[in-house]
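Chemist: Residue numbers (this note's numbering), protein chains in the order written: chain A, 113 to 357; chain B, 42 to 289.
Source of the hints: derived by calculation from the structure; they are not laboratory data. Do not rely on the hints blindly, as some may be mistaken.
Claimed, not checked - Here are the computed distance ranges between Cβ atoms for each label pair:
| id | chain 1 | residue 1 | chain 2 | residue 2 | range |
| --- | --- | --- | --- | --- | --- |
| 1 | B | L171 | A | G283 | 54 to 62 Å |
| 2 | B | G86 | A | E212 | 36 to 44 Å |
| 3 | A | T353 | B | F254 | 39 to 47 Å |
C-beta atoms are modelled at their ideal positions from N, C-alpha and C, and glycine is treated no differently.
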Amino acid sequence: MGLYLPVGLFILLLIALLMAAGFKTWTGRVRLSFRRVWQVTGVYLALLLASLAVFYALAASGKAETLPVPEKGPGEGGENEYDRILSAYYDALFKGRLEEYQGAELQGKWDFNYPERRLLVRTAEKRPYYGIIAVEEKAADDGRVEARYYNVSLGGGDLFPVNPPEVKLAGEVLEIALPRRKEFMTFFFCQDFTSAQFTGKGVADISSGLYIYHGDHQVLYLKVPRGLEIDTDASIEHSVTFIER
Amino acid sequence: MMSLTETSVPAVAWKQYRFKTKIYAGNLITLLAAQLLGLLLSFRGVGFSGFSSETVTHKIMYISGDIIVVITLIWAFVVGYNLAGSSFKQDFVFVSNRLSSHLSNIAYLLTSAVIAGVTASLGGILLRVLVVLAYGGQSHFGLFIPPLDLAGGIFAAILYALLVSAGGYLFGMLVQLSRAFIVLVPGLLIGALYMEAKTTGQARLLLDAVNFFVQESSYFLFFVKVFLAVVLGFALVIFFSQRMEVRK
């Protein structure tokens with residue numbers, strides 16, 4: 113915190129003194145009609161009350177909004193709950209159980225017949241891919257390559273947007289066509305500190321856990337026939353993980 | 042001064058209060074202007090976080106009416122300060138004493154705090170509506186405020202406004218006592234905080250004072266704390282004003 117508080121206090125004091133000077137000018141030199149003042153104030157109050165009605169109408173017609181930040185237990189932060197969710201998700205991934213795991217959302221699904229013995233996996237246009245590509249060898253050689261794209265389910269819906277790639281088979285190449293970067297904007301409404309005093313849902317309480325966790329937790333999971341040899345190029349060579357069941 | 046009409050302190054205070062609500066009506070316009078300024082400053086969010094990968098750029102904008110409330114509290118402080126400075130001039134219109142003047146000022150500050158607290162909290166609602174209407178297509182979270190939470194927010198905002206305006210009134214009264222206080226009080230406060238921050242790395246004095254109110258999550262205890270602080274502030278004002286000379 114250091115010197116921020118005194119500096120902040122000084123700025124607040126400066127604003128207060130400026131306002132005081134403004135008040136004196138306003139109330140001392142300019143005569144304001146009492147009736148006119150109440151008319152203006154009445155219009156403002158009417159606007160505020162109308163916005164209150166519109167607000168509850170909007171809130172009632174909108175989607176159910178559960179806060180994506182898990183409720184805090186006594187003496188712990190919301191990030192602990194995220195740690196638990198992410199840990200379970202990656203645990204399921206590395207044990208090859210992502211398909212059955214409830215906390216993983218399926219974002220894309222592709223199946224290909226592929227009877228060959230070698231397969232090159234790479235991105236289209238050689239764009240680097242930094243996500244995880246998990247490769248699992250099936251128990252039998254069924255001649256099918258199954259690709260699934262998963263994302264962790266953090267319960268935030270639009271708060272964790274995903275832009276899944278397209279997976280294509282062209283000859284002996286499995287190509288991951290990365291989409292063009294999409295921009296997402298989310299508004300997160302926090303209660304005023306006056307309300308948050310009794311509810312604990314203010315800016316300081318909510319923003320703490322989100323920044324860290326709205327990152328990439330997507331996985332491209334490939335199930336390949338037994339004995340299929342996988343080749344990669346520089347675009348994904350650091351992304352591939354082989355899963356042992 | 043002599044008067045043939047018998048009157049009581051509460052009756053005079055009530056007349057003075059009604060008179061003050063009229064002559065200081067302009068304060069409402071400045072409150073309105075201040076809240077609209079807060080609304081404007083809050084419209085683009087009070088905070089951001091962002092994330093970018095090869096396929097996604099995601100920005101989160103945090104919306105809160107905190108700035109509106111803070112600006113309203115500054116307004117409340119200024120109203121208290123100005124009232125201490127100018128109200129006695131107005132009070133000579135009436136057959137009155139200092140006690141009735143203080144009572145009318147306290148009633149005026151209470152009224153101002155109620156108006157400020159209600160409008161500041163509803164200003165936060167107006168902000169939410171405007172943001173949703175302006176950025177309709179974007180996703181949003183946490184929009185809904187249960188009516189009970191909103192009522193709690195209004196309650197707290199009124200008490201904060203009363204507390205701050207009482208602080209402004211006390212400061213204004215000290216300045217009336219001696220002009221030196223206009224420099225002494227902020228100087229001592231900021232100087233003490235600066236020295237404390239420099240030596241310990243933290244400004245605990247103010248933090249503890251602020252946390253005494255801000256970290257109180259019980260409605261009743263919060264009310265009691267603010268009530269006692271305000272009573273203490275007004276008692277000090279009455280005590281100091283007894284030492285003042287009659288204005289020429």
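Chemist: Decide, hint by hint, whether the structure agrees.
Modeler: Verification of the supplied hints:
no.	hint	result
1	L171(B) with G283(A): 54 to 62 Å	holds, 55 Å
2	G86(B) with E212(A): 36 to 44 Å	holds, 40 Å
3	T353(A) with F254(B): 39 to 47 Å	violated, 53 Å
Of the hints listed earlier, the one the structure fails to meet is number 3.
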